[in-house]
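Protein chains in written order, with full-length UniProt numbering: chain A, 1 to 274; chain B, 1 to 292.
Honestly, the hints are just simulated from the structure, not real lab data.
The beta carbon of each residue, even a glycine, is placed where N, CA and C say it ideally should be.
Possibly wrong hints are sitting among the right ones.
[Unchecked claim] Within a straight-line C-alpha distance of at most 25 angstroms, the following computed SDA-like cross-link-like pairs (lysine to any residue) qualify: (1) Lys47(B) with Asn249(B); (2) Lys101(A) with Tyr200(B); (3) Lys9(A) with Ala253(B); (4) Lys55(B) with Ala253(B); (5) Lys63(A) with Gln179(A); (6) Lys2(A) with Asn249(B); (7) Lys100(B) with Lys181(B); (8) Lys63(A) with Asn237(A); (9) Lys100(B) with Val250(A); (10) Lys55(B) with Ile116(A); (11) Lys101(A) with Met251(B); (12) Lys9(A) with Lys47(B); (13) Lys101(A) with Lys8(B); (14) Lys95(B) with Gln179(A); (15) Lys5(B) with Gln179(A); (16) Lys9(A) with Lys279(B); (17) Lys56(B) with Met46(B); (18) Lys95(B) with Tyr256(A); (19) Lys95(B) with Gln197(B); (20) Lys68(B) with Lys181(B); (21) Lys183(A) with Asn237(A); (22) Lys100(B) with Glu168(A); (23) Lys2(A) with Tyr27(B); (24) Lys101(A) with Arg164(A); (25) Lys9(A) with Phe135(B); (26) Lys95(B) with Ala114(B); (27) Lys8(B) with Ser176(A); (28) Lys9(A) with Tyr184(B); (29) Lys279(B) with Lys181(B); (30) Lys9(A) with Gln197(B); (31) Lys2(A) with Lys55(B); (32) Lys68(B) with Leu163(B).
[To be verified] What the simulated footprint calls covered on chain A by chain B, stretch by stretch (three residues with Cβ under 8 angstroms from a Cβ of chain B suffice, anywhere in the stretch; the number is not a length): (33) 50 to 59; (34) 63 to 70.
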Amino acid sequence: MKALLNTLKWIILIFFLFVALYPLIWLLLASFKTNNLELQQNPFGFPEKWMFVNYYTAIVKAKLPALFIHSIIVAFSAVFVNLLVASMTSFVISREEFKGKNVLLTVLAAGILLPIISFMVPYFTIIQKMRLYDSLLALILVYSAINIPISVFLLTSFMDSIPRELEEAATIDGASFVQRFTKIIVPLSQTGLATAGTFCFIYSWNEFIMALLLTSSESSRTLQLGIRFFTSQFVTNYTAMYAAIVITIVPSIIVYFIFHNKIISGLTAGAVKG
Amino acid sequence: MKKNKNIKMILLFLVPVAFLYISFFIYPLAFVLGTSLTEWNGISAMKFIGLGNYKKLLTDGTFLLSIKNNIIWALSGGFIQIPLATMVALILARKPRGWKTLRTIYFLPNIISAVAIAMMWKAIYNPMYGFLNAFLNLFGIEGHNWLGETATALPAVIAQTVLYIGYFMVIIFAATTTIPKSFYEAAEIDGCTTLQQEWYITLPMIRGILVTTITLAMAYGMRHFEATFLMTSGGPAHSTSVMGLVLYNKMDAFRLGEANATGTILILLGTVVIVLIRKLLSRGDAGSDSVQ
Numbered sequence: 001m002k003a004l005l006n007t008l009k010w011i012i013l014i015f016f017l018f019v020a021l022y023p024l025i026w027l028l029l030a031s032f033k034t035n036n037l038e039l040q041q042n043p044f045g046f047p048e049k050w051m052f053v054n055y056y057t058a059i060v061k062a063k064l065p066a067l068f069i070h071s072i073i074v075a076f077s078a079v080f081v082n083l084l085v086a087s088m089t090s091f092v093i094s095r096e097e098f099k100g101k102n103v104l105l106t107v108l109a110a111g112i113l114l115p116i117i118s119f120m121v122p123y124f125t126i127i128q129k130m131r132l133y134d135s136l137l138a139l140i141l142v143y144s145a146i147n148i149p150i151s152v153f154l155l156t157s158f159m160d161s162i163p164r165e166l167e168e169a170a171t172i173d174g175a176s177f178v179q180r181f182t183k184i185i186v187p188l189s190q191t192g193l194a195t196a197g198t199f200c201f202i203y204s205w206n207e208f209i210m211a212l213l214l215t216s217s218e219s220s221r222t223l224q225l226g227i228r229f230f231t232s233q234f235v236t237n238y239t240a241m242y243a244a245i246v247i248t249i250v251p252s253i254i255v256y257f258i259f260h261n262k263i264i265s266g267l268t269a270g271a272v273k274g
Numbered sequence: 001m002k003k004n005k006n007i008k009m010i011l012l013f014l015v016p017v018a019f020l021y022i023s024f025f026i027y028p029l030a031f032v033l034g035t036s037l038t039e040w041n042g043i044s045a046m047k048f049i050g051l052g053n054y055k056k057l058l059t060d061g062t063f064l065l066s067i068k069n070n071i072i073w074a075l076s077g078g079f080i081q082i083p084l085a086t087m088v089a090l091i092l093a094r095k096p097r098g099w100k101t102l103r104t105i106y107f108l109p110n111i112i113s114a115v116a117i118a119m120m121w122k123a124i125y126n127p128m129y130g131f132l133n134a135f136l137n138l139f140g141i142e143g144h145n146w147l148g149e150t151a152t153a154l155p156a157v158i159a160q161t162v163l164y165i166g167y168f169m170v171i172i173f174a175a176t177t178t179i180p181k182s183f184y185e186a187a188e189i190d191g192c193t194t195l196q197q198e199w200y201i202t203l204p205m206i207r208g209i210l211v212t213t214i215t216l217a218m219a220y221g222m223r224h225f226e227a228t229f230l231m232t233s234g235g236p237a238h239s240t241s242v243m244g245l246v247l248y249n250k251m252d253a254f255r256l257g258e259a260n261a262t263g264t265i266l267i268l269l270g271t272v273v274i275v276l277i278r279k280l281l282s283r284g285d286a287g288s289d290s291v292q
């Protein structure tokens, strides 16, 4: 019985390992294969010849470098705006007493549960009214706003754990309201900021619907839109299409392997509190 | 409450969040609810038509099918994905060899964009070039056009998300770490097997987090859009259509009133699902309290 359970345990663990990894490995190998025929005849093996030219095709034809730069600008700016706004909000919520604080917190938290896709029409009209349609700034604003509830949630619970004595001492030494924020809370919140920032980065880098809705030209297209356009333009060139998908996945994987401890501990902190 | 002397600075610090939150949460919510009662194409003036859009939607077979599909999405999230995630989390909580690496890898798909994952699975399901059919052929099983046939399209689109358990697995795993080790030691002395320990100690102790993750998984299922949009566009024969897709198509066709009525139903149904499932699942809590 024990041995059976033990075997079963490893079968389950390896099955999910396979589900998480094998599709990525298959995709990576397929992206280097010669052509569709090889995909069919050699579905599992290594490529007969490593066709780096697929990446060249993907990069040049889908204009990936420009899209890559757009995605980087959007994701980093969204993280910056989001963290700036969310940290100011969380500082006030965590450190000050004022009327309506609980209402504010409840209203912000409710944002986590709202299905953002139901806001397609109003987002479109608001962005048009702001004269930001088809601009990177539109995406930066929308992504930083959408991530406000989760960032405030993470940052307030983080800031609540910073000892108050530090600020009291600083206040006695004559630190102003703004200085308490910039000189004490922000430097001590680096871990919390990194976690919230990583969440916002991954969201902004991966987002698709709003990018589809709020942009129309190549000058503001992001990587996620790029692979979709690429796949509809070059429906027959599977290997190059796979190369394009690999290119969009790699940055997320790099960010993940740098920050995975923060991501997992951020989730954990949220879970234990929630 | 005495008046805070920093009130001016506090208000100043809240100006940015107020701008973003009002623009992108509060106003849109009011806008969606309000315009759902109008006939509007985005160009000419809105015309108030009361519940006309809702009447139209709720008598439309495709829309009803979308609601049904959304409910299937929500149920598969809550009652297939969460049990799988729980099972793996409980195994990892016993810290088998390599558990940290496994945890990191299980979470990996959750950071990759839904677009890339959907494209990847579209490739995997491809009847000519995908590995799924090639894999089945190894066992002499004939290939199948997974996304092209009404019988398999919906299960195929759902399966590729439900199998990615990492996000919920990490949350449930974290909850198990708060259970005192002594509980298990005592149970072991009393002769409880591992499975009995999980069933009688772990699961009741993490009940709260299970309810939360089931709620979240169902809420995500209700608002599902990307994979369907990219893998099947709702086809074949609307068999994979979901509410988000209906909303998008209505908007694309400049039927903005109907689009926002769809959005309103999505918000309401999502809220109902959340409230209902929490009520349903926490009913047992009262029972277990009375035992104590």
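Quiz item: Taking 25 angstroms as the top limit, are the C-alpha atoms of Lys68(B) and Leu163(B) close enough?
Solution: Roughly 21 angstroms separates the two Cα atoms, so the pair holds.
Quiz item: CA of Lys55(B) to CA of Ile116(A), is that 25 angstroms or under?
Solution: Cα-Cα ~24 angstroms, so holds.
Exercise. Quickly compare the C-alpha distance for Lys63(A) and Asn237(A) to 25 angstroms and report which way the hint goes.
Key: 16 angstroms, holds
Quiz item: Keeping to a limit of 25 angstroms between CA atoms, is the pair of Lys95(B) and Gln197(B) held or broken?
Solution: 15 angstroms, holds
Exercise. Quickly compare the C-alpha distance for Lys2(A) and Tyr27(B) to 25 angstroms and report which way the hint goes.
Key: 59 angstroms, violated
Quiz prompt | Given hint Ala253(B) paired with Lys55(B) - CA-CA distance at most 25 angstroms | solution = 19 angstroms, holds
Practice problem: Take a quick look at whether Lys100(B) and Lys181(B) sit within 25 angstroms of each other, Cα to Cα. | Solution: 19 angstroms, holds
Quiz item: Can the restraint linking Lys95(B) and Tyr256(A) be considered satisfied, given a maximum Cα separation of 25 angstroms?
Solution: Satisfied, since the Cα-Cα distance of roughly 22 angstroms is no more than 25 angstroms.
Quiz item: Does Lys181(B) lie within 25 angstroms of Lys279(B) when you go C-alpha to C-alpha?
Solution: 31 angstroms, violated
Quiz prompt | Pair hint Lys101(A) and Tyr200(B), alpha-carbon separation not exceeding 25 angstroms | solution = Cα-Cα ~41 angstroms, so violated.
Quiz item: Taking 25 angstroms as the top limit, are the C-alpha atoms of Lys9(A) and Gln197(B) close enough?
Solution: 16 angstroms, holds
Practice problem: For the pair we were handed, Lys63(A) and Gln179(A), check the Cα-Cα distance against 25 angstroms. | Solution: Roughly 45 angstroms separates the two Cα atoms, so the pair is violated.
Of the numbered hints listed earlier, those contradicted by the structure are 2, 3, 5, 6, 11, 12, 14, 16, 20, 21, 22, 23, 26, 29, 31, 33 and 34.
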